[in-house]
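Number of protein chains: 4
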Amino acid sequence: MFKRRIISEGHLIDSGIMSKILNLIIDEKADYQIIHFDIGKKQDEISQLELQLNCESEEKLNVVMEKLVLLGAWEKGAIESVFKTSDKDGCVPSDFYSTSNHRTEIFLDQKWQKVSRQRMDAMIALRNHGPECIKLRDVKKGDKILCGSESVRVFPPDAERQSEGFGFMTNDVSSERSDNIAVLKVASALREIKDNGQKAVVVAGPVVVHTGGAGALAALIREGYIHGLLGGNAIAVHDLESEFYGTSLGVDMKTGKPTHGGHFHHMRAINKINSLGSIKGAISKGELTSGLMYEVIKSGIPYCLAGSIRDDGPLPETMMDMIEAQKQYGDIIKGTDMLIMLSTMLHSIGAGNMTPSWVKTICIDINPAVVTKLSDRGTGQAVGIVSDVGLFLRAVAGELNLDFT
Amino acid sequence: MFKRRIISEGHLIDSGIMSKILNLIIDEKADYQIIHFDIGKKQDEISQLELQLNCESEEKLNVVMEKLVLLGAWEKGAIESVFKTSDKDGCVPSDFYSTSNHRTEIFLDQKWQKVSRQRMDAMIALRNHGPECIKLRDVKKGDKILCGSESVRVFPPDAERQSEGFGFMTNDVSSERSDNIAVLKVASALREIKDNGQKAVVVAGPVVVHTGGAGALAALIREGYIHGLLGGNAIAVHDLESEFYGTSLGVDMKTGKPTHGGHFHHMRAINKINSLGSIKGAISKGELTSGLMYEVIKSGIPYCLAGSIRDDGPLPETMMDMIEAQKQYGDIIKGTDMLIMLSTMLHSIGAGNMTPSWVKTICIDINPAVVTKLSDRGTGQAVGIVSDVGLFLRAVAGELNLDFT
Amino acid sequence: MFKRRIISEGHLIDSGIMSKILNLIIDEKADYQIIHFDIGKKQDEISQLELQLNCESEEKLNVVMEKLVLLGAWEKGAIESVFKTSDKDGCVPSDFYSTSNHRTEIFLDQKWQKVSRQRMDAMIALRNHGPECIKLRDVKKGDKILCGSESVRVFPPDAERQSEGFGFMTNDVSSERSDNIAVLKVASALREIKDNGQKAVVVAGPVVVHTGGAGALAALIREGYIHGLLGGNAIAVHDLESEFYGTSLGVDMKTGKPTHGGHFHHMRAINKINSLGSIKGAISKGELTSGLMYEVIKSGIPYCLAGSIRDDGPLPETMMDMIEAQKQYGDIIKGTDMLIMLSTMLHSIGAGNMTPSWVKTICIDINPAVVTKLSDRGTGQAVGIVSDVGLFLRAVAGELNLDFT
Amino acid sequence: MFKRRIISEGHLIDSGIMSKILNLIIDEKADYQIIHFDIGKKQDEISQLELQLNCESEEKLNVVMEKLVLLGAWEKGAIESVFKTSDKDGCVPSDFYSTSNHRTEIFLDQKWQKVSRQRMDAMIALRNHGPECIKLRDVKKGDKILCGSESVRVFPPDAERQSEGFGFMTNDVSSERSDNIAVLKVASALREIKDNGQKAVVVAGPVVVHTGGAGALAALIREGYIHGLLGGNAIAVHDLESEFYGTSLGVDMKTGKPTHGGHFHHMRAINKINSLGSIKGAISKGELTSGLMYEVIKSGIPYCLAGSIRDDGPLPETMMDMIEAQKQYGDIIKGTDMLIMLSTMLHSIGAGNMTPSWVKTICIDINPAVVTKLSDRGTGQAVGIVSDVGLFLRAVAGELNLDFT
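Chains as they are written, first to last, in our numbering: chain P, 41 to 445; chain A, 41 to 445; chain F, 41 to 445; chain H, 41 to 445.
Treat the hints loosely; a few may be bogus.
Since the list can't tell identical chains apart, any single copy or any two copies may satisfy a pair.
Below, computed lysine-lysine pairings styled on PhoX-like, alpha-carbon distance capped at 25 Å [unchecked claim]:
1) Lys81 <-> Lys374
2) Lys116 <-> Lys81
3) Lys82 <-> Lys69
Hints in this document: simulated from the structure, not taken from any laboratory.
Full structure from sequences and hints, please.
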């Protein structure tokens, strides 16, 4: 039997992490013996666990250890980090450590040091200023890459059990909940963000425009509740289409009727912007005077329209190089306190990939499956609201007494 | 070749019925020759069609004819109705005519006579006062039942192409439409119903309560916009649960949090009503002073809570005999001008079965599949709104300036 | 401060129950102090917890206690059960204990005694043979009803973490899983059920017929894998329609094309059965020679077709009195080892209400929301498979080498 | 009143086009007078329509005319095409003609000439070899661009009413259909495609791998049924993950259990491919010996993995420049006879945009909304199958007697 001593500390019971640790070991067909367990006797006391992990091979021990790290356990008597050198651009040694989106520390120079630029699916490289998450494609030959998980500890966010905030939505995704309560909570969170000078970023799909929510979102931006917009070509195109021609995907925004031939409108809108040079050009030439993109540009908040295989045009502002688009998304997400995902699975998963797990993340979609998928892809902190995004945004803006159409 | 002459008249082209007639004949692998086609030259002129249907057998001719009747075609030189006598309760001759929900006439005593009590899946019996739709289970030995379709003509409602009403929603069920427009249309239709002294009936599921829409619906009832309520045991139980204990299915209606053990509340609510004798008893004893069922009973509008296999309790007011429940549903639907279905597939299909196709029917559900299913079951006139029923009702009540919680 | 000592025992950590106990107390804004916690040092050792619950009032203490009982905690130094007498049929004292679907014991005559006929949302009455779950409507004046929760302990099923069975599906409902694995697991479970002489009951909706799964289900019944069928009027009607006329809801089962006028077929099928007296009569007269209902009746397994507000006909075998239908459902479920729910939310919730939580419960539906709803209504043990029920049943029957069409 | 004479010819009634023409004019609040209508007297005879369109302004006339063209109507006494010159790259005159995906001809040099490279949302440029669809971004200053719609006629595909092919699925998207029939139809269509040397292209999302359908799809490719693959980074990553580590998105493909830490596997797979240079390199070095990407590359069929904002890695073969990716997609689609869309909305809409409406297009997805969205975006020819893509592919491959895992 190969053995290793494991430590974990914190709200191990009420967060459910203790259960996960033991179940993981059993699922892996390994074995454990609890050496020591000091339970927090009262609500605000933390617990301390030391257990001995027994495996049939050294290799198995490494496999299980790697997974325990994700749950916030670490090896007793921390071991100095091992960095190996990449021998080719975009490649790392095969036993590299792959990050989660949780806060992470590594044992380096005999002390626990925080890893910067936390994101999921990254490598930890040793830079001059310390350890840092980098994407695989940014690895250069010669980079020093952290290998193994023996010198890592991560801090999964505690379940938000005491939260007066969004905790109520944590556990399930159901269309049978009162969305009016969710409206009140989101409005109050946005008010708090604004009052405290914090940062909220919206990821939005074209459904925001189709369902009549663009005016409400534009008002939120104009009034300073939102500090970054992540989207694609389509949300901008349909916003412009509705500003110039009163339709969205060819559907009249006033009557809800499909207009025959109205599907031309989005191409006319793109052509018009191309003629004017850009969306910004359309504004400065007085041709675009309201709407979502107008408020985004007028307010000066950063935005990125990431291109995709389905785009028409694209608009001059759309970034069709995905490497660059991911970089811009990442820059806008940096330092955000709240991420609001509005009916776009593609861009939400993209943004989720780059967002640390401690950022408040809300996903509003009429399809309950979207939140499940986000969570399957690692953005487990996202709380889901199954609702109509247009009505939802209008209700939030109404609650904040904003003026909008 | 066996032949028959077929007549049809009306807005055959713009309603699409002419296309359906020809396609039906081709799909049935029969053949046709157009004898005469007088097209309406202008928008308000009707067209007239006479065609010869050719089939390889008399039997095939009958099969195709039966189906053409549904599209509003009839046999040239109408044939006197044939009634055969039922020889057993609940049974009809095997060539009985099965009704649709469209307006129907039969050729009787050498003239076209309207069939009364129109509904789908019924038989046409000859009663003293004329031909009438009756359900199979109401057939008595000795009843005279219409057989064959040669003496029938039906009037499918024209597509509502010119309608300023709900026509805009006719063609598709999409979650990518502006529900704000739908809110305005529904509010305006309800205002018109009230102003004109017409009748609107609501079919509602417990999701109305769970999603926080009960207060808005109660206000619509209190203010005279709704004239009948069709539901089940659950909507009443959860309304009472939320009135007595502030939860719905154990979820706190103020915070949206599931309350531990709150799933007891619905049983306590039922027990309380049982002790007080009935919901009505609870009101008269001053124990129930607000909410959906309160307004329903206070306003005196007819209602029926149809039982089901999943019911707890049930409440004293719940009808557990489905034969009787269907009868009560049918009585409430009689003469209604508008049927609003709120997030309950079961009761909506039940109500749809009893409703003539000329009744304006709207179905609001977060699941787009519900409208497809309604239509597959014959309620083809239902227009679907894919939305959150709680937010939707609140927005409608807001638009009508109603007071609600 | 009001205090009470609470005990719990078992796999408290790995089952997650310990976390739930502490979180419940915190959520209720009560307080705790852990008096004693003996952690199971190894995988197969159980843990023992004693804690002191502190509340600001006696009433609060009762509220929290009632909820803790549901998690398998009980009061230290068990207290003799208190039974109060019902003073009216269908009514119980207001502090009655409402059951969950977990195994339950009460402290009676100074010992823990098992409650019989376990089901959710029931009362515990004292009968000659001991304590028993009864439905509210079956309570008679004079019945002795258990009140309070101080003398109750329940046994929530451990998470099936080590199970080679269905444990893999416990945690989430996702359409992004390999249903082929689920097919293999279900086939192997059915084989085991049959080999061991255990009992499997199916709850099935008409979608089983529409999607072409009726032949596979009929084969499973014929070959002895299924020992009870719970459904409604529609599944039988459409099975008969497809046997007599080759269509289901008017859609040709061979070509998949809607047949014009085919919606008549289900009424013809009902009329035919009515003429022959019953489905059984149709079989004995040689008119019905294959299909789902044929195999159900031929095999002699118990079945119940529960009526609903949406039923046409109904068939002679359909039970339109919901009180009686619930009784029959309950009788068929009694003693079942496995419950398979096939695409019918209504009947599945109904069956789930009557089923103890230790029965293996699988729900196969193309709509991921159905399992969420089952769970919200207390059938938390149901594992969900998001799949096409027709293809799924055919694959299971294929895996078991059955002959079917 | 401004007037114009309009001509249309073909199966105007049974295709429903005649209804659409009249309804369009009414919806536009214009008026018509039918000058001449020669109805096809028998099934195989075409009809001929001449009508006078009356509008209140010349401008309105142009608007309505533009829309009528889409329905296959054209101006009587065809008018020579007008080309205007683009004065800026990526810009066209504001009255440019925007194409649909239907076959299109323009009246040029006094005869109707076919437009090449048909696709939707394109412009028609005059090139040396004749008129051609080009994308807005490919327009160069000086290009001659067709303006107005007076000289255009398009040929919408007739409704496939007589088809023994996929016509059965044309009318609705329902989860209540027998997917076994769809399996047989798709298998038989693929057999025909192969036998006749035609071309089938698959658009596939990662769900194909997650749901266990990759082996079946790989077999279809190996055996020559599929001639092009359009996807994204994720389908390749998860295929490689499952080949190298036996998991897909961290879920074990054999047991269906999520493996703790298995979410690392996809990063390991990418790193491994990077080290080997490419997927092709992995094959040539003997490291990748089976699976979907293996068969794609071994068979030599063209493929494109289009990048997106959510991609990890990406793989060396993934094209992150969307302009280039769209070009490659277009090249692979060129000349295809059948397009099969497997559970990816993003890439399906992208592919649909480039595909002429006469290409047989099937979309298999467990979410009924996907087909509605495709259709809303112009790919109206797509027939939808609501099913589990893994089980579906396995059933198709089984029906074709292929060997697969």
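The hints, checked one at a time:
no. : hint             : result
1   : Lys81 <-> Lys374 : neither (38 Å within a copy, 44 Å between copies)
2   : Lys116 <-> Lys81 : both (24 Å within a copy, 18 Å between copies)
3   : Lys82 <-> Lys69  : between (33 Å within a copy, 13 Å between copies)
The earlier numbered hint that this structure contradicts is number 1, and it is the only one.
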